[in-house]
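Chemist: Read top to bottom, the protein sequences are chains A and B.
All residue numbers for the first sequence refer to our numbering, where the first residue is 1 and numbers rise by one.
All residue numbers for the second sequence refer to our numbering, where the first residue is 1001 and numbers rise by one.
Worth flagging that the hints you see were computed from the coordinates, not collected in a lab.
Warning: the hint list may mix true and false statements.
[To be verified] In silico BS3-like links for lysine-lysine, alpha-carbon gap of 27 Å or less: (1) B:Lys1048 <-> B:Lys1060; (2) B:Lys1048 <-> A:Lys250; (3) A:Lys135 <-> A:Lys54; (4) A:Lys109 <-> B:Lys1048; (5) A:Lys334 <-> A:Lys135; (6) B:Lys1052 <-> A:Lys54; (7) A:Lys54 <-> A:Lys109; (8) A:Lys122 <-> A:Lys112; (9) B:Lys1048 <-> A:Lys151; (10) A:Lys220 <-> A:Lys151; (11) B:Lys1052 <-> A:Lys252; (12) A:Lys252 <-> B:Lys1048; (13) B:Lys1048 <-> A:Lys112; (14) A:Lys219 <-> A:Lys151; (15) A:Lys250 <-> A:Lys109; (16) A:Lys283 <-> A:Lys339; (17) B:Lys1052 <-> A:Lys250; (18) A:Lys79 <-> A:Lys122; (19) A:Lys135 <-> A:Lys112; (20) A:Lys122 <-> A:Lys151; (21) A:Lys250 <-> A:Lys112; (22) A:Lys54 <-> A:Lys112; (23) A:Lys109 <-> B:Lys1052; (24) A:Lys122 <-> A:Lys219; (25) B:Lys1052 <-> A:Lys112; (26) A:Lys447 <-> A:Lys411; (27) A:Lys109 <-> A:Lys135; (28) A:Lys447 <-> A:Lys283; (29) A:Lys135 <-> A:Lys122; (30) A:Lys339 <-> A:Lys135.
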Amino acid sequence: MTLEIRQDSTLPLGASFRDPSGFIFKLENRIYRQINHSYQNDYLHLIESGLYAKLVEEQLLIPHQEVLVKAPRPDLAYKIIEPDLLNFIAYPYEICFSQLKDSALATLKIQKLALDYGMSLKDSSAYNIQFHHGKPLLIDTLSFERYQDGKPWVAYRQFCQHFLAPLSLIAYQDSRLAILQANFIDGIPLDFASRLLPLRTRLTPSLMLHIHLHAASQKKYANTKPASNRSVNQTALRGLIDSLEASTNKLKWSPSGPGWAAYYEEEHSYTIAGLEHKQRLVKEYLSQINPQIVWDLGANTGMFSRIASDSGAFIVAFDFDPAAVELNYLDVRKHQELKILPLIQNLTNPSPAIGWQNQERLSLIERANADAILALALVHHLSISNNVTLDNLANFLQKLSSHLIIEFVPKSDPQVQRLLLVREDIFSDYTQEQFETAFNRNFIIHKSETIQDSQRRIYLMERR
Amino acid sequence: MFIKFLFIATQILSASPDKNTAYLDPGSGSFIFQLIIASLVGGAFIVKTYWKRITAYFQKFFSKNPKDGEE
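Here chain A stands alone, though its shape is the one from the complex:
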């Protein structure tokens, strides 16, 4: 939660300014949530009904403590709570298909439990679900309201826009459509999703209902007041949740396409002894930094993230390829790896700050909180494929962390030669000497060693 907010502030910042029930604030590097009087009865019901305890027990809701801290808006304040801290706040456009699907299913599970305890979710934003200890977790404690018999589910539209629309677009059209979520901060509009989805989805009853007919209904009944004598009874409401759950479960996506077979390309760049040597070096350098949080840039399917995770650190494993991130997440889920968070990130166009005043969702650089960066087999992809100069790269990396473990891949390396096959070699400065000169301006190079049976070299650096 720390990362929603840029600096100490007793004003509601980040993404929580819209909610009249309360807001998040930061004080002396700790994160708190003010609960307003207007939410008092709902909060009491959440706690006293046992729903809070049940959800925390099921690891579906973030645990919190009630604390005595001066309220930023004492005129509105009912209570102040301090939620558990998260290692990283990720956004829907940074998570892979299965992470989004698991978030959707967690939301529906929470809603079913809420109904059992006489409450209902009043929003179902994908931003409210974060991955903590490898599992999706609701981080907005104020998302519940007491259930009123007969009232339709107020978060139905949001669920379809935030989850069903992007998931079905990935499953039926193209995984790259997930990036639309960065443009539509309140989820992909259903009429838009309906137009983008292939015709055959109209023959899929669940998508015909929740996307296509839902979108048509939004158009037909926009600004029409619902008849006061009609209601949605609890059986129908549970039926709706059940239908959404079945629809979500049916959506599948498997990584495929060009480049798919190349995931282990980097592994093939070393001999067995060379790969072991690289792993040993990374372990040794990490043990000297002893980081709490590591960002693994260009993590691929996470081989080195796992090595770093074994050292006890929490790893955010970024890769630009949704397929690699998907595979990494499936491994995390299968082996219950609690300290690895795989995420999609294109370093040549990192997540920007978006939303109201560019402050609702922070940019990647604004969320930089790693004690160390791993940048293995990455430099050549940025410098040769994307024309990022070595100076520029050093400048970017020093913004992210105080420590850096980086691998230089020289021009003579077969992988770099492959990148140069179809383009003119305009990279006269791409040498080990120039690399060290460029990074020396921003970093102190503590150690370096050439990987056995290879011309690649690993460095341990510290920001100047």
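Assemble the complex: chain A is given as a structure, and chain B must be docked to it using the hints.
Modeler: Frame of chain A; chain B shown alone:
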């Protein structure tokens, strides 16, 4: 259930000619849509729940074998 589905589809798709809807609030449309589909999803849920109970009963019934009886 299928007829109900078709009825809902016809009702919604027989929309008035396309107007400029860019500034309209989609929230009320979602609300009304739930009222329209309530009996469909509610009915399907009841059928599914009972069907599960029936299949669970028969599964239990047929899964009984002599070994179970000995225990």
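Chemist: Give me the numbers of the hints this structure contradicts, sorted from smallest to largest.
Modeler: none
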